[in-house]
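Single-letter residue listing:
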Amino acid sequence: MQDSVIRVTVVINKSLSQKVIDSLLGLGIQNLTLGSGRSPMLQENKGLLAIFKSEATLVDDPVEYISFLVEPEIETEILQYVSSVGKLSIPGRGTVISEQVQLLKAHELLGTSKISVPRVEETHLLEDIVGICCIVQRGQGDVIGRIGLDTGTCVPLLNYGYGTGVRDKMGLLRITIPAEKELVQIFVSKFDADIIFNMMINYGKLDQPGKGFIYEYPLRKGQVNMKVAMGTSQHAASIEQIVAALDQIKGDATWRRSDTGTDKASKRTYLEGLFDFTLICNETVSADLVKVAMANGAAGATISKVSNISAGEEKTIPKARESCSMIVGEPQVNQLIEALDKAEAFGDKAHGQIILREAPRAFTYIKK
Amino acid sequence: MSKKPSNKIKISFKEALGLILPYVKDRFLEQVKSVWLVISYLVLFQVLVLGIPIVDASIIAAGIVLVITGLTFFMEGLLVGLMPLGEVVGIKLPQKSTLPVILLFSLVLGFLATLAEPAIQVLQTAGSAVKPWEAPLLYLLLTKNAGILVYSVGAGVGIAVMFGMLRFLYQWSLKPFIYVLVGILSCLTVYAYFDGNLLNLTGLAWDCGAVTTGPVTVPLVLALGMGISRMAGSADSGASGFGVVTLASLFPILAVLSLGLLFSSSVPNVMSQDDFFKDKNRAQVEQLFEDKNALTRYVLTNAGLEAQRTYFGSSEAMIDEVKKISSDNSKKESIFGTDPDAITKWALQSPSKKVKKAFFKDNQSLQAAIDKFSGKSEPIKPIELIARNMQLAVQAILLLSIPMMLVLFLILREKLPKADEVLLGLFFAIIGMGIFSIGIELGLDKLGSQVGSKIPVAFKSLEMEDSKKIIKNFDKSVVQKSINEDGETEEFFLLKENKKVKQVPYNEKKYNQDTRQYTYIPVIGPLFGSEGGFGGALVVLLFAFILGYGATLAEPALNALGLTVEEITVGTFKKSLLMQTVALGVAVGIAVGVAKIMWDIPLAYLLIPPYMLLMIITKISTEEFVNIAWDSAGVTTGPITVPLVLALGLGLGGQVGVVEGFGILSMASVCPILAVSLVGLNVTRRRRKALAEEVDDNTEAAKVAGAES
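Line by line, the protein sequences give chains A and B. The numbering used here puts the first residue of the first sequence at 1, with every later residue one more than the last. The numbering used here puts the first residue of the second sequence at 1001, with every later residue one more than the last.
Chain B on its own, in the form it takes in the complex (with noise of 0.2 Å):
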């Protein structure tokens, strides 16, 4: 060649376009694929079994096309430039820094990956049922101490990177941290099992361990992990790079644990709602709020009238109460916030007469009031929603990609190779993720919830509050008796709905006799079988089996894992084996995990076993496998996941009635490492098969070699 070749070729609009769109279009497709499982089963699942329409279909579509948009910009800003990131730091800093400084940096990273995806969220929606007289540990934790509770997660989190890098740089199997963190836990799981207050809280440590590791820690701990394992060490370790995850899932379970411990003495035990609000129990109670505010704000919106009464001293007392805080404008803003309306709506929603008589002149105030403030669902403020979830995204990812930079530039003295891509995969994460936060909260967080408060009428009558209807100039005359064998009257009357006329039970109190009007609310189930059933209970079971499948595919932190497994492995585990066995995993374990809130089991019973016959396994098994399985259960729970269980896990508690809705995500982290295991173990016995046979052909060979001599 004569000429020095430019470096750079012009690109016409039209052929950039010509680029652009088949690279848009493959991954948006692949987005579809791994979305459109889980979503239309959702929607059939409403439809067709359950037979109720969805409310709010066209936002919930456009969220979930919001989802898919996001997750591919996300994907891409993952693979271009997250893990890229991760890779070159880990590559370099062994090279160029010295130990103490790679420790306090995955010290670091590790604690601000917890600040950065705060599962704290989700964590406290899960215990949003709790009540602090049922579970006084656990309720002081998620609100007063929800600060010391992330704080020491995340503590626990940049410890365990921390030994992951240990564990890389020395060659360290992964297999003794096993042993220890995980017979450490159940020791504790079993010590707490006999503790009222601290069972209550083993749910919400063991879910802790799950999701701590979120979409955006995942992929930059792999990469960096499999980074610094390259140029570490001396051969070839198998499964280098990965382990990181389990440790960042075993470590703040043992952080909650041991700050329940630390705080199990100075709070009240478990009592009665009653005994919880009377006065000789007062002072213990207050160390659960922050200011005697706070206990108010708590019994005037959370408690039952009758636990009112105990603590202000009866019905009259409670309502001068009410008044003396509206009359006192700081006072009202500490116990009912600052919208206007608050106590109008408080006190239309108490179930007291003498309140809504004290608060309301006439029926035709209370009327009004009602039909202000009732039946009308929040409207979405999208400027609102936006800026939330695009500030969430920001921080995300620039939390942990902006120190890693700095160490590169600062401590390592290197420069980002192929800087611009890094950073435009950068924006496409931050983008991906809060575009696909909207549409979480849109689409997936509407979706899930309705399914998921709806599911029990698959094994008990429900009321769908979502269909109510108000039957103007309701006609008394129309009302109807009937008798059954027993003789026993029952009252109905005949509505007309859709051309067709059906019969409806009549019910004194949903009538109003001042606007003559009736308020009609369809009660549905229980679909299979009888009332509280087994065969409805199946079919629950069923439909959380599916669910977990379909979520986990869509997942993008085990997306990421696959594919890192993929590349390690040189292709002899597949990203497709890795994702389904998980998915498998995931179903079973969420299967487990609505069995355990349906009957109340103790958590206990169901993850100790399997944690035994894992280490068991674990023994048993090679390294490359022991660390991809435990690897995957820490990706399994992630945002797609999170919501749409919790949301089913919430549903079903709030309608069986126990105390807190955790433990489902601690299944779905279990099972997944049962299933890799196993199909782990599986491979290595084909493998060794292989060779074994080998040999035998060999002595045949002898033999035949031998007869001819």
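Isolated chain A, as found in the complex (with noise of 0.2 Å):
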């Protein structure tokens, strides 16, 4: 496959991402990719509360997530400058990953960008992390995303989407099925990532159907954002700091391995070497398009609405965008992609983008 290039996203709070987005535009990046999610936080119950509920409460904020496509070649340094830029080395701010994506097939304006990018202070960048993303029906999410926290693993990210699969081939019975999803997206080190993927499983109940995917996908680098709960620390360091401060001494995060495998999750047959086909496009035409994949291969499409932000005062690229990511086989890619340029989905009336990732490990209800 062609066109091998890094894609990072950027996870911030939102009262703090337009400085980032500014600077980003600064640099010469031509279009970004922004969505808004939520990071919760644990809360620990105080007062009359805390006799009811032995659990924390999850405390939301909103955040945004940016993301940007760059050559291979200033990876690093984009990671440090946008580090530096969040100030994202403080716990709580954000999360800064990249991968190693193909770009398919795009508009001609949505490229990756050449720019150079200033020296800034380095600070260290995590390898060795995998992404997992789950989707769940709305309303789920919180139980999926309370595992990162609750591990004080990651602050997870969550969105929401809709769905489209079987439901969009029922007529009007669909609206029987809610289409609204939740997708949680946690950043890990390899080495916890079996457990974690596994926890997600159990605590979603995955293996019960129409209950959701789950899905892994490999990173690059990153700084992962690790401050799961609210509230002053009693220590002088806190133990997301000592984490880190360790990672960086031992240089990675091998340390932190711990016994992995449960017998439920032994016993699990995974779904292995698929991908992740993302199309971003245009709103106005994306159930078009999505109709159109369906019928070429692709079983089912999770939609996110997005914004693009193009740099310049031209806008050429219409705001009003969405993410429609679909899992899969290889087989399928080519045909995907000759089915969708056929429906002009690279044109000016679609502007569209496709990003393909690996989906080493994927695991969903399969009806034996």
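Check before you lean on any hint, since a few could be wrong.
What the hints assert, rightly or not - Footprint (simulated), chain B over chain A, 3 or more residues, beta carbon under 8 Å:
(1) 26-39
(2) 57-68
(3) 152-162
(4) 166-175
(5) 281-289
(6) 317-330
Stated by the list, open to error - Cross-link-like lysine-lysine pairs, in silico, PhoX-like; alpha carbons within 20 Å at most:
(7) B:K1292 to B:K1144
(8) B:K1324 to B:K1354
(9) A:K349 to B:K1415
(10) B:K1033 to B:K1575
(11) A:K367 to B:K1010
(12) A:K169 to B:K1014
Please keep in mind that the hints were generated in silico from the structure rather than gathered at the bench. Built from N, CA and C at the ideal position, the CB exists for glycine as well.
The task is to assemble the complex, starting from two chains supplied on their own in separate frames and drawing on the hints.
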């Protein structure tokens, strides 16, 4: 496959996002994809509530996720730069990660940007991390997101989307099945991934029909927000800072490796070798393009509303966009691209962009 | 895959049922959850606290089932049909059309919204007790000039939607709009306070703002706004999509107050009933009525005996006039309407003995007429009821959705995505709204007015007309006398009722010697404290508080707003939090509004301080919460709250004798804004604190790092 590029995603508190956007556009990046989400944190119950509820309450903060494509050469520099602009080394402000993706085909305006990144003070970037994306029914997100918080691994990113699939082949009866989905994303060390992945399956009951879908995707580098709980710590350094410091000393997160694998999990058969095929296009045409994709081999799509932010005054690409993620096998990829091309997905009406990333491990209920 | 997958899955009837049943059940239960509180509360309050049985319980029960069914359909219709339609138009509009087109469309849409959801009936009900001599201007605008009132409110909403869209397109803040509009409105309200005529209008004006935005308009406008602001503007602006409802609440107030100023010079001043009907004021008074016949009708049906005498010269002159009318068919129709028995009914209700004598030959024919016309409520005409409500539902939904579709097809030249779903949704919305209005008329309205008219027994004694009984063959010898400490005697008799014997005070007037019947009307109250005491009033306020809370949770427009807020804030502002906050705000507002009526507090005292406070809070709040908070005000007063609250207001107003029952709704609007703003401030404070905390952590970490090196 062609055109291997780096996609950088920043997840940052909403009140801080504008600064990051401005600096990225200032660097000369032409197009950013922006979405709204939330990041929960644990807050210990105080007073009366503490007596009745031992579990900590979740408090949500609005966040935004910003993603853009760059050439592989400047990967580390851009991560360092974003981390320094957003002051992401301070726990609780946000996350930045990079991943290797294939830019399969896109409207001519939506390529990578050739930019030079100013040197900034270096911070430690984690390697050997993976992303886990879990798609569940709207309202179930907290259950899954909590896992990241309770285990102290990472602050999850939650956002809304809606799904298509079997639903859309049912005629009007489809309105009886809710399309609203919640997407939970967690960025964890490779060594924690197994246990978290299986906890998510267990907590979300993903081994039952209609509960959801989960997949893992490789990441390259990043700085992950690990401030999982609110409140000032009673110690000189918080546990997150100690973990981060140890990571830095050891060079990676291998030392965090704990015993993995539960009995139930070992019996699970995962779906392997799949791909996350994401089409980002104008909101006005996305429904039609997804229909085309579904007629050509995609089983379903999860669609999230995103915005496009372009550099400069000239707004050729509309702001209202949708990101349609489809999990497919390798054989379908080319067929899909051909069909989408025929449907003018990459012309001026749709301004489409297709990004492919590996999903080496996935899981959902499969009828036996 | 070798074979191309077919586009449709075949679903057997059994499978379809398996999908539909849980779907229906979930949605139905959701509505049960939203209305059970207010209904069971009303029932329990009347039965247990007031100790009065519910009249027409079976009809009311059927009505409640209809309300829930209707709400189920309507909410689903909103979510599947109306809101997606609004959003699609919103997204495509800025992309494919020019600014003048967008503004014209908004203006028309706002205007149509007012026509589609006629709030005027609600306001006319609220103003049904208005006497033209007490509030001439208000009377004029509610009756003769009601049409002008509706159109000016419509123009207000139209301008509001237009400014709302301009805001989205150019990313204007809502705050300056609030400062300017609320500033002007407060000044006008203060000015009106010193003018007898305008003073009575302020209540109507502020209530107009509250009721203009109905359950169809709000979701549609929210969705439209959401679409437009997703498409227009630069970066994400927090609460994109909100704010139109706020403007659509404020502009109509301005429109009504301006209308009042315009007409205030041409109406007579506030005067006594007697002066009002004197010849010297006749020319001015006639301006309030459409023609002479309308004035005559008003005098005959609504004025007191004294006023009737003043108007006609004497009772005899009046009787002659009525007889003349009854012989002239066209005149009869214009004054008494088409009901052939209207004159008999009128004579029956007249307090004048002379009138009764003139129209009934003897006591027997009088009694026959009493038996025929009194005590019976109008029978329900099911076909008329269904037809009327369905027609209103069709009107409300089509008047708004058809223009949207026309714009989509003709101006934007786009097709409707998921057209089948949207059409089904619109169908659901119409059906739902129809069923739901029928249910309200049969159930909630009745229940509300029963409780509302009886709630004053909490603090004063009241005759229970509903449980009137006629004792046949009354034997006067059972009447006994009692004496109190001061030596005053009182007559009473013992009545056996349900195996219990109780004392009933005897009233000579209620005994009819000819028929030997005694009309017994039970008297209840005051249940709490002494006559007119504070304890009873407190119970009424508490009642109003809980009523407001429960009714608000059931409002469909608030539900839609809650969903939209949750969607736009990606769950950081949960629907339940918004709804609870708004409901609490409405509860406080309604309690304050009831206090206004009970103690006749001028509305300006109650409205201006909270709005001033709100200006300050608005200044220090973030744009996101300003938008959400002010929009919540517009959605609180909908089809569930309004009839219940009006019934309560009118019941109380009638008992304590105030000029008009307006003002409760406007209080129910301002308090939720305060409540949501305060919650917003709290959330903002927490978020700031959380970020500040992180910086603290960092300085500590730096210290540690420094110590290590």
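Tested hints:
Here's how the segment 26-39 of chain A fares: 4 of its residues keep a CB closer than 8 Å to some CB of chain B, so the rule of at least three is met and the hint holds. Only residues whose C-beta sits within less than 8 Å of a C-beta in chain B count toward coverage, and the segment 57-68 of chain A has 5 of them, enough to reach three; the restraint holds. For the segment 152-162 of chain A, the assignment as covered by chain B holds, since 3 residues bring a beta-carbon within under 8 Å of that chain's beta-carbons and 3 suffice. For the segment 166-175 of chain A, the stated coverage by chain B holds: 8 residues have a C-beta nearer than 8 Å to a C-beta of that chain, and at least 3 were required.
Interface restraint, the segment 281-289 of chain A with chain B: holds (4 residues with C-beta to C-beta distance below 8 Å; minimum three). Counting residues of the segment 317-330 of chain A whose CB lies closer than 8 Å to any CB of chain B gives 3, so the stated coverage by that chain holds, three being the minimum. Note on K1292 of chain B and K1144 of chain B: the hinted pairing holds, with a Cα-Cα distance of about 13 Å set against a maximum of 20 Å. Using a Cα cut-off of 20 Å, the hinted pair K1324 of chain B and K1354 of chain B holds, with the two alpha carbons roughly 17 Å apart.
At roughly 15 Å between alpha-carbon atoms, K349 of chain A and K1415 of chain B fall within 20 Å of each other, so this suggested pair holds. Taking the CA atoms of K1033 of chain B and K1575 of chain B, the gap is near 15 Å; set against the 20 Å cutoff, the hint holds. At roughly 18 Å between alpha-carbon atoms, K367 of chain A and K1010 of chain B fall within 20 Å of each other, so this suggested pair holds. Of the pairs offered as hints, the one joining K169 of chain A and K1014 of chain B holds, with about 17 Å between alpha carbons and a cut-off of 20 Å not exceeded.
Violation of the numbered hints given earlier is absent; every hint is satisfied by the structure.
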